[in-house]
Amino acid sequence: MQTPEIKSSECEEPKYGGMDRRTFLKTLAAAGIAATGGAAFMLPGTNLMVMPNSKGYLVVDMAKCMGCVTCMMTCSMVHEGESSLSLSRIQIQQSSFQNFPNDIHMAICHQCEDAPCVNACPVEADHVDVLFGNVRSIDPDRCIGCTQCIDACPWLPKRLQFNPKTKKVQKCDLCANTPYLDEKGGPGGTQSCVKVCPTNAIAYVEKMPKQDDPYAYNVNLRGEGWTHIGMSDEDYKLEG
Amino acid sequence: MANLRREDEMETIDKKRARHLLRTLDFDDWMMISVVFPPRSISQKRMRSLEEMELTLIPNEKMYPSIQPEKVLAWIEEKVGDKDLAAELEPIVADGSLNYLQKCVALGKAVNRRCDMLRAAAGGEDA
Amino acid sequence: MQQETLLEQGHAGTSSVFYFDQYWWVPFMTVFVALLLSAYTYRKKPRCENGKILRHDAAARFSHWFNAAGILILLYSGYQLGFLDFGRKVWFTDGVRQMFNLHFIGAVLFLLGAVYWVGNTFLHPKRLEEHSPYKGSIKDAILHYLKLMGLPIKKGERPTGKYEASERLAFIPLTLLALFMGITGLIKLAAHVWHVPTGLLKLATFTHDWSTLLLAVLLVFHIILAAVVPWAWPMLRSMITGYMSVELLKSHHKGWYEELKREGLCSEDENDKKGEDNANA
Amino acid sequence: MEESKNGFAGNILHLNLTTLDYEVIPTKKYEEWGGGNGLGTALFWDYCQDKTITDGRNAENVIVIATSPLNGTSTPSAGGRCELVGVGCGHYPIGWFTRSNIGGRFSSHMKFAGWDAVVISGKAPYPVWVEVENGKVVYHDAGSLWGENARKTQLRILSALDKGNNGWGWQPLPGKKDETSYTTQKPAVLCIGPAGEKQSTHAALVHDAGSTSAQGGFAAVFGAKNLKAISFLGTGSIDIHDPKKLVSARFRVKERYGVKVDDPTTDMQSWWGWLSRPGTLSFAGTVSDHYRIQACAGCIMGCRTRFDVGYGNETKCQATSWYAHFALHYYKGDKKKMSEVALKLADYCNDIGINTYTFAKSVHWLERLWHKGLLGKGKTIHTDLNFDELGSEKFGFEFVDAFAYRKDIGEFFADGFVQGAIKAGLESEWKEGHLDYCYWGVPSHGYDARAEVEWGYASILTDRDVNSHDFNAMFWAVTLATMRGLPYQIEAHEIAKLITDKLKPYVDTTNAINYADDNIYSDDVMNLTRWYIHYNRFWKNTALFCDLRWADLFDSSNPGNIGATADPEVGEQVYWNAVTGEGISFVDGLSRGHRIFVLQNAIWALQGRHRDMVYMADYIYDKKAEHSEFPFFMWPTKDENGTWRYTDLMHRKLDRAQFDDFKTRFYKAEGLDPETGWPTSETLDKLGLGFVKEELKQHGKLA
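Protein chains in written order, with my numbering: chain Y, 1 to 240; chain W, 1 to 127; chain C, 1 to 281; chain Z, 1 to 703.
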């Protein structure tokens with residue numbers, strides 16, 4: 001660029017695109033401020049769109065569970081290739097000395113409507129996986145393990161797990177991303193916990209359970225055979 | 001083994017006799033049988049009286065009797081001393097058309113009827 | 001099973017305010033605000049007055065120190081959050097939130113300073129030329145420092161302009177790295193709002209992280225050479241007060257002095273006198 | 001430690017109670033032993049300095065609690081079993097080196113914490129309990145826990161270890177910053193109650209509400225070592241060689257053998273085979289229909305229950321039935337009351353830490369002594385208990401308390417019932433079979449050794465009631481079908497074929513399953529017994545496949561009634577190989593069982609065993625089973641025309657001379673010296689057990 005000879009103490013400003021540079025800059029800046037301000041007004045919060053609902057959900061029957069934790073070990077194996085309870089995305093808790101049906105609690109991810117964990121993620125690792133039926137899923141490549149999502153989860157125990165080995169958080173993806181599962185997972189495919197449960201105490205449903213009802217994910221999955229072998233087919237109201 | 005007797009040969013049951021038949025036997029006359037707790041358990045059990053046999057014979061959802069019908073028959077005849085009941089049970093024991101549990105039911109019902117009668121005769125009181 | 005907590009099922013979640021999420025538009029707007037600011041900034045060429053020359057006007061100092069504050073905050077919070085193989089240092093949720101929010105503040109400061117500079121440079125492209133290295137910059141920079149270290153080097157260097165050869169040399173990587181960081185940072189920020197493909201995001205993160213590392217290294221040199229070593233103290237002072245003595249201008253920025261003289265902004269006599277006064281003071 | 005993905009956790013914990021410190025032993029050196037019984041035996045050999053001890057309560061004794069690579073994995077009904085070995089107590093004539101096991105969550109948590117086994121040696125200077133959380137091992141003073149029952153001990157330990165939670169409902173476990181790991185699980189505690197503390201051989205080790213280890217007397221060993229409890233909590237993972245394979249084999253076994261729980265045609269009583277049977281539940285019935293089937297870690301179908309009534313959780317099996325019929329009598333046929341009393345008492349036995357197995361065969365005998373005037377106030381055996389009240393709830397609790405607190409007859413019989421009978425001068429009661437304790441002074445399992453011969457043979461040829469239900473599945477299926485008048489789902493000739501197909505190459509003829517009088521001493525039955533012991537030693541107690549699910553020698557849930565055992569798709573070796581990556585065959589596993597058995601024979605030889613001691617109680621040879629436990633004892637037999645049928649084997653006794661000859665052939669086939677029963681130098685070399693020769697030689701026990 002040719003520097004023009006300076007005639008006064010005021011710097012000369014070159015023209016830009018036929019417009020005075022300063023005017024151009026003012027116009028650009030004003031337009032930008034207007035645009036970002038407008039966007040900020042129109043898109044409050046983190047997400048551009050309303051979060052689409054998951055196309056599938058796990059529901060459980062806490063009165064049917066045997067507490068064998070096979071689902072947990074299988075979950076950990078299909079996802080991590082190792083058997084672990086701490087790394088399982090489904091958590092079965094039991095207290096041997098408590099009375100039925102409060103002796104067992106099954107904690108599955110609700111795949112919440114407008115999932116708080118997805119909203120909480122500061123790096124958009126916890127996201128709605130549009131390729132796998134909108135399941136709420138954590139992209140390990142993006143996750144920084146900050147555990148905001150765990151804090152945000154409204155259910156106890158929290159349905160997301162911190163993995164101290166990878167230093168990342170993980171959650172139920174309905175088996176969408178399962179390197180050690182020999183079949184197609186995810187919504188519409190296999191859910192390992194559902195498939196492996198000896199008593200079929202976990203089921204995959206497409207209808208979203210009621211979101212404001214803490215009892216909605218515990219359903220009665222006991223078939224006719226259950227009463228036939230002498231057990232109650234009564235509905236038990238259990239939270240979570 | 002009891003031999004079949006004609007109706008008119010049946011023993012008359014008075015209160016004393018009824019109480020005697022319902023008595024608790026001496027230890028040496030107790031009979032060891034078992035109960036089966038389905039699906040998979042078995043425990044030995046000593047039969048001390050006719051009424052205990054009555055409680056044990058009819059199978060239910062919780063337990064099956066585990067007996068050898070011939071031995072039960074002999075015990076009732078020889079140890080309890082109720083020849084009439086033994087005579088009534090004999091054709092049941094011999095009935096090849098019944099399976100084991102059916103046989104137990106039939107035996108149990110007969111013993112139950114007999115005990116009801118004995119209890120009535122004994123004045124509604126256990127001996 | 002009873003949870004040993006008073007938290008209620010279905011309501012046990014807590015979430016923190018993340019500025020990057022909540023105020024994602026602020027950094028974007030900062031870019032334009034900075035441009036607007038620069039558009040309303042009218043800068044004069046400095047002249048020698050009272051034995052001093054205004055080396056860095058308010059705009060330049062504003063730009064430099066906002067940049068500096070922004071970068072230091074960004075480096076600190078970025079280091080705490082972890083990058084490349086440096087693990088995360090803050091535990092857990094709260095620490096991360098604080099660092100992220102600090103990073104946000106750093107980003108805004110940095111963008112304000114950096115984009116303001118870009119706007120100014122856009123208006124005055126000559127400033128770019130002042131900063132840029134020239135053919136022989138490397139040789140001159142080496143000679144310069146050797147001399148400063150007291151080595152008896154006779155060989156002459158090209159008369160120093162407003163910025164020293166070494167400063168001009170550092171300008172290119174610094175600007176590029178800042179550019180990478182700014183752009184990749186904005187891409188990362190965009191991911192808070194729009195879907196950014198993972199590949200692009202990974203590339204952005206990779207670039208962001210490596211730029212950070214290199215910038216941090218250069219920053220260390222910059223601080224040493226511009227603030228720690230005694231001969232740089234007048235420079236540091238000039239970045240704070242804006243002024244440097246004409247004497248120094250003559251001895252160390254001969255090129256610039258000549259240019260100012262040519263333009264009639266400095267006169268030799270006056271400045272000599274004032275310069276001596278100044279030195280005596 | 002180099003990492004190998006083979007199902008092992010990597011380290012073994014050696015607790016030296018005398019000095020209250022511990023040592024970490026890398027598992028690598030012991031991996032060849034597999035786990036459980038094999039690993040435990042090898043560790044015992046290395047860590048027990050004096051193997052001539054004959055009572056487990058000796059401070060020189062070492063006990064090993066060992067897991068297998070399959071523990072903590074989804075291997076069907078092998079994920080949660082745990083093996084204990086060491087010198088036991090309560091046996092007659094001496095306390096053999098023996099084994100026991102426990103289900104529940106204990107072994108899986110031990111492995112998740114990073115440990116394959118725990119070796120316990122020495123004796124603590126004061127009562128202690130041990131806390132293990134991943135790599136952290138801490139001895140705690142158990143002074144305030146001493147005297148507590150097993151339930152309270154566990155609850156107090158659980159509350160002491162409870163770290164609350166950080167609002168996540170997950171417990172954080174030690175670790176710096178991002179190494180903190182989390183779990184939603186409770187620690188798994190194994191402990192003793194007052195009976196164990198008082199070193200009664202009737203004591204039981206208890207874990208959770210109803211997982212107990214009682215046979216073998218290891219609870220008394222804990223007591224003798226001043227060890228009240230061990231607690232494990234782990235957040236680690238078990239590396240699997242081929243997780244994909246394991247997962248798909250587990251899916252497959254459910255498809256083929258899983259119980260169709262929701263299908264109303266599922267019959268609780270008519271299944272043939274172990275793997276596919278519905279939950280066993282309580283034997284004394286239930287007091288409510290509000291309960292669940294509960295399972296050990298990784299089980300394919302639970303066998304225990306948890307109720308809504310506040311008692312009876314996880315009780316099962318004979319624990320629920322040993323007192324039931326006494327209660328039924330006492331409460332005059334009230335079946336609900338019977339269930340209630342039976343479950344309450346079973347629950348109490350688990351709470352207090354008492355072995356109910358010894359009661360199953362001894363209460364009748366005590367009742368007999370009472371009525372014979374040999375037991376009572378000031379009688380041959382003194383008791384303050386009133387056996388006329390036998391069957392009442394109150395008496396039941398008093399009776400259990402006597403054994404739990406080692407008072408009254410609990411003190412008199414503290415070393416065992418056979419020992420007590422001899423002490424009272426009532427040896428004939430035992431020899432004549434009134435006290436039905438037929439092998440090594442422990443109770444007959446109820447499957448009369450004269451009819452179900454393999455059970456008796458294997459028990460006397462090893463160290464205790466073998467308690468291995470492999471072939472026993474036939475007996476129950478056939479007997480129940482006979483009782484109910486149902487057709488046999490599998491006819492005798494077919495079952496003989498199905499089973500012997502699984503026994504290859506040990507037997508090559510269906511004749512091994514012929515339980516007829518003239519065949520029970522044959523080489524075929526001898527080889528079946530060898531298979532049975534080897535299976536028991538490796539697949540069942542080393543790999544730790546649960547006894548109540550495996551071996552699945554035939555199974556009516558599968559087309560062709562073919563059982564899952566040794567199946568190329570879902571057999572034991574499939575899971576073993578998927579987890580360990582070894583690539584062994586089912587039969588290779590049996591050979592390992594043989595090796596373990598021979599090593600155990602070396603230990604028994606050092607303890608003083610000689611083949612002349614290896615015989616069952618006299619009544620097994622002298623008397624026919626008189627008062628039948630069963631209406632019939634149905635087993636497959638083949639007559640001289642080659643016709644197979646199920647036959648009632650009641651009223652049979654064994655022949656001393658023929659069993660002696662059987663033993664000789666057995667020892668020869670096993671590579672043991674037929675003169676003494678001791679391992680031969682040649683066999684030891686062949687099996688890679690040369691390291692035991694020196695010690696055997698020193699004691700003059702090398703054949």
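Derived from the structure by calculation, the hints contain no laboratory data.
Backbone N, C-alpha and C fix where the C-beta goes; we use that ideal spot for every residue, glycine too.
A hint or two may mislead.
Result set (DMTMM-like, lysine to aspartate or glutamate): computed pairs, CA atoms no more than 20 angstroms apart in a straight line [unchecked claim]: (1) Y/K167 x Y/D213; (2) Y/K184 x Z/E255; (3) Y/K237 x C/E8; (4) C/K126 x Y/D233; (5) Y/K167 x Y/D114; (6) Z/K377 x Z/D334; (7) Z/K379 x W/E70; (8) C/K188 x Y/E82; (9) Z/K337 x W/E70; (10) W/K62 x Z/D289; (11) C/K202 x Y/D233; (12) Z/K245 x Y/D182; (13) Z/K244 x Y/D129; (14) Y/K184 x Z/D242; (15) Z/K260 x Y/D141; (16) Y/K165 x Z/D408; (17) Z/K254 x Y/E183; (18) W/K71 x Z/E255; (19) Z/K260 x Y/D139; (20) Z/K176 x C/E8; (21) W/K62 x Z/D267; (22) C/K89 x Y/E183; (23) Z/K332 x W/E70; (24) Z/K176 x C/D94; (25) Y/K167 x C/D209; (26) Z/K335 x Z/E255; (27) Y/K167 x Z/D267; (28) Z/K624 x W/E61; (29) Y/K55 x Y/D141; (30) Z/K372 x W/D28.
Here are some chain C residues the structure puts well away from chain Z; computed CB gaps all over 12 angstroms [said to hold, decoys possible]: (31) L7; (32) T14; (33) G87; (34) K89; (35) W91; (36) I105; (37) L213; (38) I224; (39) E259.
To see whether the hints hold, each was checked on the structure:
no.: 1; hint: Y/K167 x Y/D213; verdict: 33 angstroms, violated
no.: 2; hint: Y/K184 x Z/E255; verdict: 18 angstroms, holds
no.: 3; hint: Y/K237 x C/E8; verdict: 15 angstroms, holds
no.: 4; hint: C/K126 x Y/D233; verdict: 85 angstroms, violated
no.: 5; hint: Y/K167 x Y/D114; verdict: 26 angstroms, violated
no.: 6; hint: Z/K377 x Z/D334; verdict: 31 angstroms, violated
no.: 7; hint: Z/K379 x W/E70; verdict: 37 angstroms, violated
no.: 8; hint: C/K188 x Y/E82; verdict: 33 angstroms, violated
no.: 9; hint: Z/K337 x W/E70; verdict: 31 angstroms, violated
no.: 10; hint: W/K62 x Z/D289; verdict: 13 angstroms, holds
no.: 11; hint: C/K202 x Y/D233; verdict: 52 angstroms, violated
no.: 12; hint: Z/K245 x Y/D182; verdict: 8 angstroms, holds
no.: 13; hint: Z/K244 x Y/D129; verdict: 24 angstroms, violated
no.: 14; hint: Y/K184 x Z/D242; verdict: 18 angstroms, holds
no.: 15; hint: Z/K260 x Y/D141; verdict: 41 angstroms, violated
no.: 16; hint: Y/K165 x Z/D408; verdict: 56 angstroms, violated
no.: 17; hint: Z/K254 x Y/E183; verdict: 16 angstroms, holds
no.: 18; hint: W/K71 x Z/E255; verdict: 46 angstroms, violated
no.: 19; hint: Z/K260 x Y/D139; verdict: 37 angstroms, violated
no.: 20; hint: Z/K176 x C/E8; verdict: 30 angstroms, violated
no.: 21; hint: W/K62 x Z/D267; verdict: 15 angstroms, holds
no.: 22; hint: C/K89 x Y/E183; verdict: 39 angstroms, violated
no.: 23; hint: Z/K332 x W/E70; verdict: 25 angstroms, violated
no.: 24; hint: Z/K176 x C/D94; verdict: 17 angstroms, holds
no.: 25; hint: Y/K167 x C/D209; verdict: 18 angstroms, holds
no.: 26; hint: Z/K335 x Z/E255; verdict: 37 angstroms, violated
no.: 27; hint: Y/K167 x Z/D267; verdict: 49 angstroms, violated
no.: 28; hint: Z/K624 x W/E61; verdict: 31 angstroms, violated
no.: 29; hint: Y/K55 x Y/D141; verdict: 24 angstroms, violated
no.: 30; hint: Z/K372 x W/D28; verdict: 9 angstroms, holds
no.: 31; hint: L7; verdict: 7 angstroms, violated
no.: 32; hint: T14; verdict: 7 angstroms, violated
no.: 33; hint: G87; verdict: 7 angstroms, violated
no.: 34; hint: K89; verdict: 8 angstroms, violated
no.: 35; hint: W91; verdict: 5 angstroms, violated
no.: 36; hint: I105; verdict: 25 angstroms, holds
no.: 37; hint: L213; verdict: 21 angstroms, holds
no.: 38; hint: I224; verdict: 32 angstroms, holds
no.: 39; hint: E259; verdict: 56 angstroms, holds
Hints 1, 4, 5, 6, 7, 8, 9, 11, 13, 15, 16, 18, 19, 20, 22, 23, 26, 27, 28, 29, 31, 32, 33, 34, 35 from the list above are not met by this structure, while the remaining hints are.
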